[in-house]
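Participant: What follows is each chain in one-letter form.
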Amino acid sequence: MISLVSYLAISLLLFFIGLTLMIARKNIVAILLGIELILNAAALNFVAYSRFAASNIDGHIFSLFVIVIAAAEAAVGLAIVIHYFQLKETIHIDEATELRN
Amino acid sequence: MNTTIAEYFLSFDVFRSFVSRISLWLGTDVTPFIVFMIFLLGALVITLVLATVGGFGTYAERKISADIQARIGPNRVGPYGLFQLIADGIKMVSKEDIAPKTADLFLFYLAPFLAIFGVFSTFAVIPFGSGITLTDLNVGVFYLVAISSLVGVGVFLGGYASNSKWSMLGGMRGASQIISYEIPVTLSILAMVLLSGGMSFGQIVGSQGAFPHQWFLFHNPFSFIAFFVLFTGALAETNRAPFDLPEAESELVSGYHTEYTGMRFGLFALAEYVEVFVVSGVAVSLFLGGYNVPGEEFGHSLAGQGAQATVFFLKTCALYYVVIWIRWTFPRLRVDQLMVICWKYLTPIAIFNLVGCAVWLVVFDGKSMFELFFHH
Amino acid sequence: MYVNILFLTSALLTVGCAVAMLIARNIMHSCIFLLGTLIGIAGLYVTLGADFVAVTQTMVYVGGIVILMLFAVMLTGGKEFVSRAQKLLGLIPAMGNKWSFGIAFLTSFVFVLSQFVLIKNIVKGVEVTKEAKPFVSTVEEIGELLLTDHVLAFELSSVLLLGALIGAAIIARPRKERVAND
Amino acid sequence: MDYTILSIAPIFLAPFTAFVINAFFGKKLPRQGDWVSVLGIGIAFLFAFRIFIDFYSTYSTEYYIHKYFTWFDLSYGENLFKIDLGIYIDNMGAIMLLMVTGVAFFIHLFSTWYMWGDVRYGKFFTLMSLFTSGMLGLVLSDNLLSMFIFWEIMGFCSYSLIGFYFEKEKAGYASIKAFMTTRVGDVFFLLGILAIWHTVGNVSLPDIYAAIANGSFEGHTVIGISLATFAGFCIFCGTIGKSAQFPLQVWLPDAMMGPTPCSALIHAATMVAAGVYLSLRMYPLMVAGGLTPFIAMIGGITAFGAATIALIQTDLKAVLAYSTISQLGYMVLGVGVGAYNAAFMHLITHAVFKACLFLSAGSVIHSVHTQEMPEMGGLRHKLKFTWIAMWCCTLAISGVPFFSGFVSKDRILGDALYVALHAGQGFTYMIPAALGFIGAFLTPFYMCRMMFLTFHGKPRDQHVYDHCHAEHLKINQNVPLLILSIFTLGVFFSGSLTGQGFVKIFGSKNEWFKVLVASPTESLDKFAYYTREELGWSDTNEKEKPEHSEYEHQSGFAGPNHENHEGLHHAHVEGAFGSIIIVACSIFFAFLMYIRRSIDPARFVNMFSVWVKALKNKYYFDHLYIDVIIQKGLLKFNNALAWFDMGIYDRFAIDGWEAVSRVGYKSSNWFDRIVVDKIGVDGTAVATNIFNIVLRLIQSGKIQTYFIVLIFMLVTFVAVLT
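Top line first, the protein sequences correspond to chains B, F, X and D.
With the first letter of the first sequence counted as 1, position 63 gets the number 63 in my numbering; the numbers rise by one all the way through.
Convert by adding 1000 to the 1-based position in the second sequence; the result is the number in my numbering.
Convert by adding 2000 to the 1-based position in the third sequence; the result is the number in my numbering.
Convert by adding 3000 to the 1-based position in the fourth sequence; the result is the number in my numbering.
Misleading hints may appear alongside valid ones.
[To be verified] Cβ-Cβ distance ranges computed for the label pairs, FRET-style:
| # | chain 1 | residue 1 | chain 2 | residue 2 | range |
| --- | --- | --- | --- | --- | --- |
| 1 | F | A1318 | X | L2162 | 34 to 42 Å |
| 2 | X | G2163 | D | A3653 | 16 to 24 Å |
| 3 | X | I2023 | F | A1358 | 43 to 51 Å |
| 4 | X | L2008 | F | R1016 | 25 to 33 Å |
[Unchecked claim] In silico lysine-lysine, DSS-like type, Cα no more than 27 Å apart, as pairs:
| # | chain 1 | residue 1 | chain 2 | residue 2 |
| --- | --- | --- | --- | --- |
| 5 | D | K3666 | D | K3678 |
| 6 | D | K3618 | D | K3170 |
| 7 | D | K3123 | D | K3474 |
| 8 | F | K1344 | D | K3618 |
| 9 | D | K3618 | D | K3168 |
| 10 | F | K1344 | B | K88 |
If you're looking for bench data, these hints aren't it; they were derived computationally from the structure.
Beta carbons: idealized from backbone N, C-alpha and C, even for Gly.
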């Protein structure tokens, strides 16, 4: 009953939702949430392929690194968000256009 | 060595023949079903027992604190006030469930369940005896640390969702404290993982012995220090005094559960008391020899299992007593002191211990201090 | 059978929470739903026999990232705010309302579709083993791989984490008020 | 003994570690960290003693330790061009290490009493540790480059220590003077190193010896001079600068501005000894370059000239300073006349008694708070121990029999006499030898004058006398003096009472010093087949111990041509008896003049008034350098250069160029305005503006918009691909 395709479908859905979240929401934290979803979708794919289509568990290692990178990204991203909030008192993504003018 | 309840039962011929006879009678192999039922039953029993233990925790706390403060403590309900916890339970269940008007109701209702979920999930790996373990995961310790961090989320959400200043501050303190102290605790545990060579509780307990000189506590100087780091960190992680800043009565009324009443408050309290028990149990398993009793054969028998469980509970309760004792002896820390202790002292010490244990293993070929002293 | 039950539960938890995350108006709720999603994914890892990855996932996300997110949300206001209407050339509306969701949905859909088209052949090329491998502990193997084949990546990621740690601490540290002479 | 790098390196590293600790944490340590320095040098002493015992028990001239690693290697083909750093200890090095560590230890110990209470007490010990470690590093070095590095470290330390009381203007000037004067020698030294490096391809000592033995220096010339002469001269210039030889002796008397223990260290164990040590190390090169008459001449002039200046000094430390220059002159004279062994022996004996003399002087100065001898007198009643120690040293430096100075100095004089009279060298060595003997007459005189003026007679300044406290035995005041003064006895160095083999007291190793320290020129051939082998740090490179000492009794003289052992011995006996008579006369003369007062010094002052004036002005060397060379010469030259710069170069080259460029700028101005501005710049601006209007449409500043655009670009890309 469970096969590679079921995992791929879940991963695809997660990726889709993450991308939508990333584009649609205006809150910077929400965008970070979307990125987490996308990263998790990728990691899930790695592990699924590692189980069903490969003889080794390198996929696990990859997903571990994905988790590491997600952690680093979340820490730095949230630090930036908090600092930005201290400066501008908003975390609306469209307000973050200093580089434009 | 047995690893789970189901395997323990299946190791008896009587039980196996019983199962096969039922299978013959039903015309299908019922072993998986029986196993599942054993798990279900075991989980139920352990949850109930530990919930009761948590309940008795409140009683013990009140009795011991009374003793320390030269009072008598609860003595009205039942002999020595033993049924006080039942009375408390009835009171809590029957209380009105009030939620603040401005609270974020979804999160407000969710938070206590997250906390209790995080604590009860850890029962799956706690080794009460060589046969009385729900499951002996090969990432057992890691799993325990990971899943118990759900409590932090529960505490934080409870504080946030109440929409009250006291709760908010308590929740923030609780969450930051829990994620900070997770680091020294995990590092101390890692040192023990190094010593035993595995992350499963079965292996960690199995590589120790019944007598104190076989315990990891006295394996080497670093593990001796690691025990105290772990114990301090565990006190902080369970929000116990002197680290009970999230519920500091004198500053924050009652901290993150200020706005909770009735059974929801009861869940938070239960989660806290049970978590103390769990943490004491983990410390016992990692450092104090766990359930080990003398004699290999004896340990396998049913009486041996009972003895193992008794030994485990005795040790754990002794640690539990120490926790309560500390609470009624030491004053509370300030927030900055709390963070300083974690980041400037405990974490470096824990890292030092980890490295030290590794070096010890390499240099002395994994022998403990006693083995080195009485080496022939 | 138990694996199937676990898979179904986890998949439902994952997808359900993800959808709830998408449609939740309150960013705090989104964070909590993210927690559900991540735990669901950990469950999926368990059904895949990746015990170590599953526990790591729980540890890092539940114990660290989600609490960080909650902190960040709380420190930055917490509530979903109404976006101001800004339109580019009168065509692409500012997002945050139904229009923006629609656009985002469409974009994502197109993108996912295109990716699907792109990797379709690759997926076909992968030989899928029919019967699943037995569950064995991966801890030792992962430990060995991390210190042999992937040691460079391992070290680099530790450097990355250190950099992120210092960087985050420096970025988010409280600033002193500027002296009034400039 | 099985040597590893760990059994040798602490000799250098212990004081150096003490320096590092004191430099960074000195102020936080109890007693400002003086014990760290003392401990450091004490450890070094223990290690040095261990090595010395090993060398002494081996008792062979063939025994040495050499360990090195290659620092860098620029060799190409046959041409060697590299630097090896390493450790080279032979008998001479072992003795030197023992002397330096021992003397420095006592000086450190004494300093804890002398400097106690000083404002920069901790800094003093920091610098002393660095100074000592620099000297030890120099002795341990197996090559000229690292020697030069340590040489410069010592230069810096002497600069800081001489200017230690930098509140005093004179101290500041003295430190600059010392630094700049020695610098002159250092430049030549570096030049010499480069010349050798260029030829030999390596600067380690065994390689240089091997190159000399193989004749690699022959046939090379530098500006018309043979290479060996050039290199030898340059390196000897380093010695002149460091060891304060004529004509660069001017810095040493001024170096008295530093604290007395640092003077002791500079004058006895470290700085000035380094110069002589260098020329002893490079002795084969000096011989090969035919520089020995020159060296002997320099030494003789210095020995005599400094002794004469010392006659009229009234400052206690100044007398000692000039005596140091004079004694260094003897050492250099010894190098020049081929008394290799005797020169080194004099280096060692001089280090011991001069350190003791300076420490005694420090004790006196610290007790009476003045340096002027006319204000002292009669101090022997109060400073008993200092008095005893100082007399021992005075007798030693004077060359009285049974004291170490007699053993070493008279062997130098004996060799000088032999070379001058018997060796058929003609007139070349006559003047140095004569100057040496006159100096030998003057030395006891001025030393005894100093002793009589300071300790004997009646107190001339009652206030100073009363101010002085009677001294008691104190571990860090006079115990070091007494211990050092024990070692002024000749027995320790010669094994016989006189050093000439008259009365032997010890057993088989009675003449160990003469036997063990052999000139490299005698065994230069062994270096000719010196094979290079790369060794790691932890390996040992020790020679097999010889079965028995193959050394026959033989003079250390190996410089100018000599074969006549009989004549040599004869000359030694003559020299010894001559100098005993000379010393006796001299001391008696001083006794008459300053105790009995039967001869009035003023008579001599009047008799030689012109000369005395010259002496008072130190032979006008300071005037020569400052007024003539620097002010008349260098400043004039500077002015000429400045005139050239301002008058010619500025006026013609710069101003002329201005006129040319003025025309250029006018024409380019026109071009700029019409062509570049109108067409180029404005046209580009218009074009950019048009683009700008277009680009502004997509440059919204919103990340998510960019993201959408990006995704659609990707999708298009995929569509095109499939």
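Participant: If a hint holds in the structure, say so; if it does not, say that too.
Facilitator: Hint-by-hint comparison with the structure:
1. A1318/F <-> L2162/X: 34 to 42 Å: 40 Å, holds
2. G2163/X <-> A3653/D: 16 to 24 Å: 55 Å, violated
3. I2023/X <-> A1358/F: 43 to 51 Å: Hint holds: Cβ distance 49 Å, inside 43 to 51 Å.
4. L2008/X <-> R1016/F: 25 to 33 Å: 31 Å, holds
5. K3666/D <-> K3678/D: Holds: K3666/D and K3678/D sit about 18 Å apart, inside 27 Å.
6. K3618/D <-> K3170/D: Between K3618/D and K3170/D the Cα gap is close to 17 Å, so the pair holds against 27 Å.
7. K3123/D <-> K3474/D: Within the cut-off at roughly 24 Å; holds.
8. K1344/F <-> K3618/D: Violated: K1344/F and K3618/D sit about 66 Å apart, past 27 Å.
9. K3618/D <-> K3168/D: The given pair, whose Cα atoms are some 22 Å apart, holds under the 27 Å limit.
10. K1344/F <-> K88/B: 33 Å, violated
Hints 2, 8 and 10 from the list above are not met by this structure, while the remaining hints are.
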